[in-house]
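Trainee: First to last, the protein sequences are chains W and X.
Under full-length UniProt numbering, the residues of the first sequence are numbered 1 to 237, in order.
Under full-length UniProt numbering, the residues of the second sequence are numbered 1 to 237, in order.
In short, the hints are calculated from the structure, not lab data.
Hints are not guaranteed to be accurate.
To be verified - In silico negatives: residues of chain W with every beta carbon more than 10 Å from chain X: (1) Arg215; (2) Leu216; (3) Gln234.
Stated by the list, open to error - Within a straight-line C-alpha distance of at most 25 Å, the following computed DSS-like cross-link-like pairs (lysine-lysine) qualify: (4) Lys195/X x Lys83/X; (5) Lys83/X x Lys41/X; (6) Lys83/X x Lys64/X; (7) Lys64/X x Lys170/W; (8) Lys236/W x Lys114/X; (9) Lys236/W x Lys83/X; (10) Lys74/X x Lys64/X; (11) Lys114/X x Lys64/X; (12) Lys195/W x Lys83/W.
As the list claims (entries may be wrong) - Derived list of chain X stretches under chain W, where covered just means 3 residues or more per stretch with a C-beta under 8 Å from a C-beta of chain W: (13) 42 to 53; (14) 93 to 99; (15) 132 to 140; (16) 144 to 150; (17) 167 to 175.
Just so you know, even glycine gets a beta-carbon here, dropped at the ideal spot from N, CA and C.
Protein chains: 2
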Amino acid sequence: MIQFYAPDIESELTLPEEEARHCIKVLRTRSGDVIEVIDGKGYRFSCRLTDDNPRHATVEIETKTAVPLSWSTKITVAVAPTKNMDRMEWMVEKLTEIGINRIIPLHCRYSERKEIKIDRLQRIAVSAMKQSLKTVLPEITPMRSFNEVIQSSDAEQKFIAYCDPSIPRKLLSCEYRPVADSVLILIGPEGDFSKEEISSAITAGYMPISLGENRLRTETAAFNACDTIHIINQLKQ
Amino acid sequence: MIQFYAPDIESELTLPEEEARHCIKVLRTRSGDVIEVIDGKGYRFSCRLTDDNPRHATVEIETKTAVPLSWSTKITVAVAPTKNMDRMEWMVEKLTEIGINRIIPLHCRYSERKEIKIDRLQRIAVSAMKQSLKTVLPEITPMRSFNEVIQSSDAEQKFIAYCDPSIPRKLLSCEYRPVADSVLILIGPEGDFSKEEISSAITAGYMPISLGENRLRTETAAFNACDTIHIINQLKQ
């Protein structure tokens with residue numbers, strides 16, 4: 001199944017130009033054919049193409065179906081962007097595939113990257129959402145400071161993952177309680193969070209955690225943390 | 001900590017040329033300095049450099065330390081290689097980081113790639129082993145046929161992951177028993193395993209499994225499967 005992404009499909013009844021080009025030029029869909037469209041907000045539409053102009057393709061909606069997320073815990077990962085953008089892009093693709101609600105690029109003490117353009121990351125998330133047959137687009141926020149994130153989160157369970165062995169912590173897999181309706185996990189840069197950051201987070205109610213005995217790259221840690229939440233949630237079912 | 005890889009360090013007392021160049025040209029290590037060397041077989045050596053010739057660096061071993069794997073279950077993933085080699089390379093890096101014993105490229109009915117060069121994958125595994133501070137190099141075997149793999153494996157628990165919803169299966173997270181001393185998971189190509197392959201595997205004692213509700217790319221499925229084994233193992237500790 002191929003899904004086209006049109007965030008305003010319901011009000012505008014047109015495909016964005018890039019999607020229209022793919023639909024009509026590449027896949028040679030014609031007026032009268034039926035296509036599947038998602039809005040990134042949890043709905044899938046079965047649409048009949050009414051104009052196969054690749055610049056201004058219009059549709060009429062035949063059916064609208066709510067396709068809720070397959071997981072119930074709202075998962076946010078706040079992660080210090082890696083120096084190498086390929087690794088960030090890979091991370092966004094993989095988090096979207098396994099299922100995430102929100103990604104916050106985190107500006108912290110030892111961040112290797114202090115600025116980040118999120119447009120390209122958002123396009124990767126769109127592509128991964130379509131490919132993995134989801135209907136909800138993860139939110140990718142602009143970069144936020146560490147302090148802003150730890151002071152403002154209202155997640156039910158909050159964790160900070162770090163490597164520093166001198167500050168006690170337990171495994172995320174053992175600490176996470178699947179009753180949580182929302183969870184936030186902070187993942188630090190290659191140089192780890194500073195001791196002050198770890199201490200502020202703990203004071204702000206974050207549980208200190210480890211992701212196991214392996215030294216993981218930032219993007220691997222983010223994937224592993226999100227995967228852990230899904231796997232522990234599966235066990236309670 | 002920087003680890004150098006020299007599989008024959010104990011018998012030859014020299015660094016391979018690529019490692020010697022990095023050690024001496026890039027990091028400017030000199031005769032008399034102490035470096036850490038791993039052999040990929042579970043040992044770390046503290047070595048004193050006795051000749052800082054970048055083509056033929058020699059060492060004397062000061063200490064030899066056994067560094068066992070941090071996990072006890074022997075994990076094998078047999079996976080149909082993706083068409084795009086970047087995705088395979090990414091997969092090898094990530095599986096090595098989170099911990100795997102053996103990767104078998106699998107030739108199956110709907111494989112998109114019927115041949116694979118494993119040299120480059122092995123170099124990526126070496127690099128990820130060093131980076132993640134492991135001392136054991138995962139084995140990457142030449143490509144094997146589906147039938148050969150399912151007939152010859154002696155793993156204690158064996159699983160086949162597939163998407164076909166018409167053949168009943170349960171979640172890996174719920175089916176895997178952490179008492180296993182060895183586990184093998186088959187991961188299919190983008191076009192899935194054929195019904196005949198699934199049926200032969202089940203007859204050969206493989207448990208049919210799903211990795212959850214998401215449609216995952218091959219390389220993501222392999223990572224997720226290996227991650228699931230580690231997370232369930234963590235819970236029993």
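Trainee: A separate judgement is required for each hint: does it hold in the structure or not?
Mentor: Cross-check of the supplied hints:
The Cβ of Arg215/W sits about 5 Å from the closest Cβ of chain X, inside the 10 Å cut-off, so the non-interface label is violated. Listed as a non-interface residue, Leu216/W fails to keep its Cβ farther than 10 Å from every Cβ of chain X; the least gap is roughly 6 Å. Gln234/W, annotated as away from the interface, has a beta carbon of chain X within 10 Å; the closest lies near 4 Å. With a CA separation close to 22 Å, the supplied pair Lys195/X and Lys83/X stays within the 25 Å bound.
Proposed proximity of Lys83/X and Lys41/X is contradicted: the alpha carbons are some 31 Å apart, above 25 Å. At most 25 Å may separate the alpha-carbon atoms for a hinted pair to count; Lys83/X and Lys64/X exceed this at roughly 42 Å. At most 25 Å may separate the alpha-carbon atoms for a hinted pair to count; Lys64/X and Lys170/W exceed this at roughly 30 Å. The hinted pair formed by Lys236/W and Lys114/X fails the criterion: a straight-line CA distance of about 40 Å is larger than 25 Å.
For the hint pairing Lys236/W with Lys83/X, the CA-to-CA distance comes to about 36 Å; that exceeds 25 Å, so the pair is violated. For the hint linking Lys74/X to Lys64/X, the alpha-carbon distance of about 24 Å falls within 25 Å, and the restraint holds. Taking the CA atoms of Lys114/X and Lys64/X, the gap is near 42 Å; set against the 25 Å cutoff, the hint is violated. Proposed proximity of Lys195/W and Lys83/W is supported: the alpha carbons are some 22 Å apart, at most 25 Å.
Coverage of the stretch 42 to 53 of chain X by chain W is violated in this model, with 0 residues showing a Cβ closer than 8 Å to a Cβ of that chain against a need of three. Chain W is given as covering the stretch 93 to 99 of chain X, and this holds because 4 residues of the stretch bring a CB closer than 8 Å to a CB of that chain, at least three being needed. Check on the stretch 132 to 140 of chain X: 3 of its residues sit with their Cβ under 8 Å from a Cβ of chain W, so the three-residue criterion for coverage holds. With a threshold of 8 Å between beta carbons, the proposed coverage of the stretch 144 to 150 of chain X by chain W is violated, since 0 of its residues qualify and at least three are required.
Only when three residues or more bring their CB closer than 8 Å to a CB of chain W does the claim for the stretch 167 to 175 of chain X stand; here the count is 3, and the claim holds.
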